[in-house]
Amino acid sequence: MAPSWQRLGLYACLLKRQLHDGPDVIKWGRRGIPGWSRGIYSATGEWTKEYTLQTRKDVEEWWHQRIKGQAFKASEADKSKPKFYVLSMFPYPSGKLHMGHVRVYTISDTIARFQKMRGMQVINPMGWDAFGLPAENAAIERNLHPEIWTQSNIRHMRKQLDQLGLCFSWDREITTCLPDYYKWTQYLFIKLYEAGLAYQKEALVNWDPVDQTVLANEQVDEHGYSWRSGAKVEQKYLRQWFIKTTAYAKAMQDALADLPEWYGIKGMQAHWIGDCVGCHLDFTLKVDGQVTGEKLSAYTATPEAVYGASHVAISPSHRLLHGHSPLKETFRKALVPGQDCLTPVTAVNMLTQQEVPVVILAKADLEGSLDAKIGIPSTSLEDSALAQTLGLSYSEVIETTPDGTERLSGSAEFTGMKRQDAFLALTQKARRERVGGDVTSDKLKDWLISRQRYWGTPIPMVHCPACGPVPVPLEDLPVTLPSITSFTGKGGSPLASASEWVNCSCPRCKGAATRETDTMDTFVDSAWYYFRYTDPQNTQSPFSAALADYWMPVDLYIGGKEHAVMHLFYARFLSHFCHDQKMVKHREPFHKLLAQGLIKGQTFRLPSGQYLRREEVDLTGSDPVHANTGEKLEVSWEKMSKSKHNGVEPEDVVEQYGIDTVRLYILFAAPPEKDILWDVKTDALPGVLRWQQRLWSLVTRFIEARTSGQAPRPQLLSDKEKAEARRLWEYKNSVISQVTAHFTEDFSLNSAISQLMGLSSALSQASQRVALHSPEFEDALCALMVMAAPMAPHVTSELWAGLALVPQKLCAHYAWDATVLLQAWPTVDPQFLQQPEVVQMAVLINNKACGKVPVPQNVAQDQDKVHELVLQSELGVRLLQGRSIKKAFLSPRTALINFLVQE
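Here the sequence shown is numbered in my numbering, starting from 1 and rising by one per residue.
None of these hints come from the bench; they were simulated from the model.
None of these values were measured; they are calculated from a predicted model.
Glycine included, C-beta positions come from ideal geometry on N, C-alpha and C.
Among the clues, some could well be false.
To be verified - Pairwise CB distance ranges, derived in the manner of DEER restraints: (1) Ser884 <-> Lys585: 55 to 63 angstroms; (2) Asp275 <-> Glu396: 21 to 29 angstroms; (3) Ala412 <-> Glu382: 50 to 58 angstroms; (4) Arg66 <-> Ser541: 15 to 23 angstroms; (5) His626 <-> His324: 53 to 61 angstroms; (6) Ala257 <-> Gly511: 46 to 54 angstroms; (7) Phe832 <-> Pro714: 57 to 65 angstroms.
As the list claims (entries may be wrong) - Taking lysine-lysine pairs in the DSSO-like style, the calculated list, with each CA pair at most 30 angstroms apart, reads: (8) Lys201 <-> Lys286; (9) Lys561 <-> Lys585; (10) Lys232 <-> Lys68; (11) Lys250 <-> Lys96.
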């Protein structure tokens, strides 16, 4: 009896127009269904022999909603399955998906399907990074409220995601601009404040004159331009909110060593953080012996020697000389440009109580990103020279014992300690007393999160004339955005205009107070969203520790390399903080990271720099020229954008080629971490379409063989045919091993598709009697469909429906009453593993990895034999046959052979 989902489809066909049987169908006579020549098997009960454009459309139309209904839903209560958390970076709801979105979500969807077929408890959540400047700017342009614009875009983009056949765990959807989310962003901010990690200070900040807001250092490029608006950034002194990311610099730097390689991003993170060798210590400032109330934080690379300090040095650009400090004029009077200047201001170390003078240095910039440092002559020749020039006194506090050990002297309770021990003891004491001591680098700055715009999470602080800054009580969260209509941001934050909202009472003394009118940088919202996905409906806390501990860390995080510094750094920081708050047991949020490359389109540019539309270009000659003037053009591949006229609309491509073809092209065109040069003229897109047609032909051939009236009888095979079937069995096992490894280890899904193409070619070349009588052919064909299913779910679902109704099957280990996406992932047969050891030899051509070929271990060190085996393999035949091989290099230790060929 056919499964219910098939029977319903067959009954539905009775509503269609009856046609005469045609030569392009295979009838299932035993079913007693009238013959149709249009539609697909799942709808008609008849098999169409050709995979035509109409067949493809029918297949995707039929299976789209059925596959969508198999979305990833998981229950933490089911502990019988291991968990797998695959996460793709959530999008900003701009209103339109681009091909970059299609790529990242196709990869995550494919891997989620694979892991589910492996028996894992899978979540593949999706949400919306919905606050930020783009929505606010769009609202200004369209005279709309940002919330209306954002929600409209979310509805449209979710519809687009569904049209692409992407299945997410929609029951876990989050939207960062909704109060039920940003309530907990505010909660985390208050926890940071209570821990001394969120603070407000006046600082020289980056001001974007176009977007009318400040930017974090990470949001300004190396040329001084805004990462979003492209405007030249200005420097201003403003009182802003910061999160003390420097407090976790050393922990985050050290933790990188325990993570798997992140496609070079670990190195970028390490470089951004810098060498964590010193710390900041806090000072109070005095003038003429009187405490001024002003504080100063200064860095030293040798805090253990701080009792030997001679001065504190500040740069000429320090806020004390330019901001609103009461000491501004005192410092300015002491300043002599181009000279190191001793000032009448003294700094009292809040840890040691030692008092030293403040010096303004002649040079404009200190090391790294510093603007203040502690001068310690005993550990710095530069500090020693300055102390001598200005006649500053200091003590030598480091002594070397006869055995060469350096110990502290004249350093209070740290006297006698070894330098390393004193470093640890002094920095720990400073942290306990909250006067600095966090081990960090001289280049990392704290995270500036204040934004002078409306569309962001309100900072939950109240400013009281009597009590100073006071956090909003947790029970009063969320502090929701007021309803306003002006979002220009000019003249301060738009929130300042909402007087009823701004004016409030102090939570502590109940006196008159005002709310903070800055909002948070949207990167704060995305610094913890991966936690919320584990418990998205929680109304009592940001997330349950039990649920976070179950799902975290994210097993595979997929996103663009452009987030290597900002987002990943901030997310790691928040995760480390939540760990220290006992909110989660894991420090690091992401285990494996897959940084996918860009999809680039071809651009055509006049020498003037003007980009041309494709229809303005004449491509008939050897070089592209302007269609009107014949002028030669500059041709390049660049990130797709409207302004460069090189974009591709996802809907248009899907309409022309189909969902599965686009998915396969994206996965096959390049390894995930490499850029794709989108050119439909290349072999890749037509190639994967031809492969679907070959898969269809394979299944058609099998159906014809098994419905020809001759029953399959393995015992009829000759010895030669049995040997052929045995080779298919070995090839199938090798492909299962390699494809599984690509899915779990290197994520080279392009290589996985190559392996499956090789298996389909081997099956196509099998003799007719092997196809009819051997269980090996049937099993390899079924395994091929199952392994292709995560990548091309629609066509394989239809092919599996055809296979399921073939009579007298020889393989009973498949769940024939379930669809292909509900099958168990194929495993390597135990007998195959008992064969002589096989080495998976990586094959490179001109230093570029192309795949792997199984080689017996006993010949894996013999270059000539490995060379020969690779040339005989499917990969070798496809990539090396007919090419001039100049030389081959074998590396037995790394199981690698590199062919240098003539291009």
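> Hint by hint, which ones does this structure get wrong, listed from lowest number up?
Replying inline: 3, 4, 7, 10 and 11
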